[in-house]
Structure formats: structure tokens, C-alpha cells
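Enquirer: Chains A and B, in that order, are what the protein sequence lines are.
Using this note's numbering, the letters of the first sequence correspond one by one to residues 2 to 368.
Using this note's numbering, the letters of the second sequence correspond one by one to residues 2 to 368.
Read the hints as simulated data drawn from the structure, not as lab findings.
Honestly, I wouldn't trust all of these hints.
[Stated by the list, open to error] One side of the interface only, derived from the structure: several residues of chain B facing chain A at Cβ under 8 Å:
hint: 1; residue: SER4
hint: 2; residue: VAL30
hint: 3; residue: ALA136
hint: 4; residue: SER245
The C-beta atom is built at its ideal place from N, Cα and C for all residues, glycine as well.
Protein chains: 2
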Amino acid sequence: MFSISPSARLRRSPFFASTVDEGVTSFTVYNQMLMPTGYGHPEEEYWRIINDVSLWDVAVERQVELKGPDAGKLAQILSPRDLTRCVEGQGKYVALCNHMGTLINDPILLKLADDRYWLSIADSNILFWARAISAERRFDVEVTEPDVSPLAVQGPKAEDVVASVFGEWIRDLKYFWFKETEIEGIPVAVARSGWSKQGGFEIYLMDGSKGVALWDLLREAGKPWGIGPGNPNGCERIESGLLSWGGDTDDRTNPFEVRMGRYVDLDVPDDVVGIQALRRIKASGPERHQLGVALEGEEAMAAPFDWAEIRKDSRPIGHMTNGVWSYRLSQNIGFALVSVAAVPGDRVEVVRDGKPVPGTLQSLPFI
Amino acid sequence: MFSISPSARLRRSPFFASTVDEGVTSFTVYNQMLMPTGYGHPEEEYWRIINDVSLWDVAVERQVELKGPDAGKLAQILSPRDLTRCVEGQGKYVALCNHMGTLINDPILLKLADDRYWLSIADSNILFWARAISAERRFDVEVTEPDVSPLAVQGPKAEDVVASVFGEWIRDLKYFWFKETEIEGIPVAVARSGWSKQGGFEIYLMDGSKGVALWDLLREAGKPWGIGPGNPNGCERIESGLLSWGGDTDDRTNPFEVRMGRYVDLDVPDDVVGIQALRRIKASGPERHQLGVALEGEEAMAAPFDWAEIRKDSRPIGHMTNGVWSYRLSQNIGFALVSVAAVPGDRVEVVRDGKPVPGTLQSLPFI
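Chain A extracted, bound-state conformation:
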């Protein structure tokens, strides 16, 4: 393992001090910001998410705020998902595509008001991109990165913890819906969301000076349910089939290739960025699709740095984009971005460190 050098270029989260207190051991960089990736007990941290409840510093999910008279118009221009029926307090998972129809981010869009939206983004610079398009079209809207930092509470017991802090009303929140509120003087928005399939909430902290206070409050409230530190989990998310933009996608991936076709409405207006390219891609059919791949062998593989070639009948058909040892399945599994000619059940080989490892394609999610 290598260490990460401190730098003012890599921003810290409002929860940084709390994660250090919890014993964080490793980080990644996401949106030019440090994100915890482990607390030294990977298997324990995994089962905490599966069975109990876990607190994650996901402040790196930065918000791109659209505010002003043209905010709604800009939101629709940036996303090929029809937003006409999106109401205040509702969130929607959207594909952001460039003019060529390539997927450049997969945020949750949150509608705070008719003239105010957030894009809660994955790891790519949407601030510069959205500002450029807005300015080129002379829209009357401010595009900023506000002081908003999500803290995720994830796992089957997350709802009980969050209800104990914010009240029983949170049990009625629908998936991706949210509500602005305040707790002990800390302004937040509470959303039912999070990058796991174990259920949970994301608490959008709206005052960066109160990160430690919010962490402590949830940490304390969660004790009866055995809460502990965690982070977006490579194993759980692959088992559950959750996409990692930039990890499972490349510079030519379109939404149809990575199971996001259902979030593309081909009848949105012609001036939506990328829609004309997306219609062409849909008409001719995408070249690749995303499946799972289960590998043979009983030894846990190291987390990969790179995509690994997948071969079928000795010919390359695509790549394993990420892979991990599955604690629940007791085997190595990964995401496969492969030719549409390849289908679940196909026997393949995944080339790891120059060595072909036999495996089988299957549909996602694994669990």
C-alpha cells in the first residue's frame, strides 16, 4: 500500500476529524476531495452494512446547484430524463450525457424548488460543464457548488436510527425523496437514498462547520443499533449491481450500455444535450452491455487497479471493469462490460496479471 500526500489541492470533508477519530486508515480521492475507504477491518465493516447500520462520510458527493428563473429549464437541458413531473422534495436518478451521448455522470437530481435544483454528483466535474452550457445558452441561472455535504446512514437498521433522531415521519419518505429540516441547530436535508442496496438515508449537511456535531449526534443515537464507521463498499455494491461512474465506464460508454436506458426518455425536447446522439445510438443498438462475471477459484483477489480483458473462445469480448471477493457468495465477482453478443451463461476467461481465470457471465445484480 502507498500513502497519500497531504495537499491543499485535495479538499477535506466536514466529517474529516470524525473519521480520523474513528480510526480511518485509507482514502480515495473523489471530486478532488478525500473520501474514507476503510477503517482497518474490511470484513467487519462489510457485515455491519449487511446486518446492522453504518455511518459513511460521503461529502465527496458534491452538489451542483442550479438557482434562478431558468433553473428548471437548465436541469432539463442537462438531463435526458423527462423531468416535467418531478415535484418539490423529489429526487431522481439521472444520466448526464455529453453532446455525443456519452455518459459523463450519474447524479441524483433533487428538486428543492421550482427555481432551485441540486445535482448530487459522482466523480466528474459537472460544475464547469453545466456552467459552460448555461452561459453558452445565455440562461438566467446561477450554477454553484454550495456548502452541502452528505453523510450516509446505511444498512437494515438505518431507518430506526434516523427515525430516532429526526422523527417517525422519515419512515414515510419514498425512495430518493427528501425533506429539509433542522436538528439541534444543524440545517440538513434528509433523503432516502445511498449507494448500497441495504436501505438507508443520506443526511445532506448544509453547514460545513457542523460536520463533527452531526457525526457525533448520529453516532450517539445509533449506539443501541450497533452503529459504526463504514464507507461506500466495493463488495456490497458489486453484489448489488450498483454502477461506479469512471470505474465501470470509459470515454465512450453510453447509458444503454450500463443499464441506464430506462432513465433516458427519447421524446424530451431536441435541445436537451446529447438527446439526438442518444436517439441514433438507441436506433442502431449499443455495441456493449453490462453483465456480471463470476470467477472460479477460492482465493480472494486483490482489488484491481485496471480493467481486465475478458475473452470468449480465445477472442477479446470486453473487460471486467471492477472485481471483488464476495463475502456472501464466497467467490470472486465483477462487472463485465462486453459485446452484446455475449450473454449470461457464457463461459469466459478474465485475464488477471497476464493469467486467464475461467468464469461465467451472469445477469446483474448478483444478489
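Starting from the known structure of chain A, arrange chain B on it as the hints suggest.
Expert: Using the frame of chain A, we list chain B on its own:
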């Protein structure tokens, strides 16, 4: 120190295996890619750059290539520096600004041909931004990230090393000029450039499969001059007054604030992105400017994670954006982004870990 987790989201450089062989101990993430930041002997590595010659993996300086009939038009639209006299083989340091005149990157622009340019970028996503502007204006140009990865040879003996490999002609290269060539079957462009003031070259590798071969070739050739591994050096660059975009700038920094006013030509055409805002900023005068700050005390400070407030007469006047122990000056020095009312010679206090440290503002560079 914390470790950095492997992830397919964080790309490796073509020189990665070589840097591991050399004993790299730490990395940063820059343009979603791993960059070495140390080999375990910081002081030795520093003096190697100052006195001898050093080999740096700077593949993270990605290229944004503009290619096609409108490439020149797009290059000019993206940069407020007048490019009309830029010729093939010439590089120019440019400010990229958004529509509000905010500095969003400070690349070297390289003109490879009338219809082909590279922007050799700092740590922000210019690919998405340039593509958006090009597409919105319906320019006939392809904007891509080609397979090009710079390897820097830096230090007073760099010229001898590079001449021994590529020939005596490299001694005639002017600053930022470059030439495409080939060495032992490896396609490269050789430029006189690099992020130090000790002199040197950047070898732009144009075939990622040949990174180790290029590293080995320069490593072997450099032996008589005592070449060894290094990386962009926080101490040398602060002593020398070199800007770190994203480290020394924030989301409202304009080029006039950070000594880049000389690269803004106010008479470029009106359709250049940001020029109208830059003219307004120039007319009203920027609010801040960049100076050096020398701190009292004889103990080396830890590299800062965050900007530190600077106070004058107990009132905040700006921030120390980055700071370091200077081996040559034997004191802590840093960059100050402060009100234009503050001038060199002013006595100030820099707040580090809640404690005010006395210091003096001075002009840049330090050395």
C-alpha cells in the same frame, strides 16, 4: 499518513511499474490518475532537483487534443491569450477562464499543426468543458484525450542527459518549444518545459505501452549525471513561485490575482470565453493578489491540508494557500492570496492549527 486504496477509477500512468521499481512511497491523485509524490527521501530528492537531475512521472498532465478544421478557432475561443502568432512547434502558457473570468486551468498549449493542438492541463476536467463549448458553437473539431503521457527530466543537468539521448539539437529548443521525434521506436515529443525553475525537459510519450522502455532509457542515459527519481516538488515550486491550480486558487480566482495578467490579451475577439468578464475585472481592478509569506520559527511545518487565514492588525486579509519548509532559505514559506491593500514588507500572522504564527509578506519568487 493514510494509505490510498486501489481503484479502477484512479488510472495508473504508463510509468507506474517503473516508479514502483524505484521505490515510490506516496501518491496524490491528479486528473483522476495516480501521481508519485515521494520516494522516501524528501531532502535528498529535493537537492537532486536543485543540483543534479531528476526523472518525474507527470503522466497526469493529460493532453486535451483539438483536431480538425476548427481546431485553431477553438483554441483561441478557449484561451484569452492572443494565439495569432503561435507557430507549429511552439508552446505557450495560457490561462483558461470560464465565462465569469474565473481561472479554471493553466495549461501549456502546444501547436502541433494548423489543425492540431494540445492543452497539457493542470488538475481540472477541461475535456468535458472544451467539448461542451465546441459542440454548443457547432465547431468542426474533435476534442479527445489522446494516448500521450509526459515524463519530465528536471534539474541543471537535465539538458546534458536529454542531449545524450536525443542529440545536440535539443540544446537549441526555446522555452516551451517542442519537436516530435522517435527514440528506439518510441514516438515522443521533446519540449523544453517542466514544473520547476531548475531547467529541464518534458518528453511527451505517445505510446502508453512503452512507458517502462522510455523510463529505462532515460534512467540508463542519466547515470553519468547521477539521475534519480523525483516528482513535482512542493518546496522547489514554492521557492520558485510556480502556481498550483486548485491548490493556490479557489472558485473565484481570476488570472490577474495570481500573476497571470500578462497572459491575458484584452483585445482578443469578443467571442473568446470569459474575455468580456476579464475586461470588466481588469477595469475595476482585482480584489486580491498573490504574494509570498515568510514565517518566523525554525521548526519545519507539516504540509498543510487547508488554506490558513492570514491576519494583519488582527483583521483577516486572505489566506496562505500552500506552505513548506524551504531547505535553501531554512524557514517556512508559503503563497499568500491576500487583499491588494496588503503589500510586501507587511507584518502579518498566519493562523496554523488555531495558533497565530508571525510572518512577513514578500514578493514572489522567493528565490
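Enquirer: Next step is simple, just say for each hint if it's right about the structure.
Expert: To see whether the hints hold, each was checked on the structure:
1. SER4: Holds, about 4 Å.
2. VAL30: Cβ of VAL30 of chain B sits 4 Å from chain A, so the hint holds.
3. ALA136: With a closest approach of 4 Å, the ALA136 of chain B hint holds.
4. SER245: With a closest approach of 6 Å, the SER245 of chain B hint holds.
In this structure, every one of the numbered hints holds.
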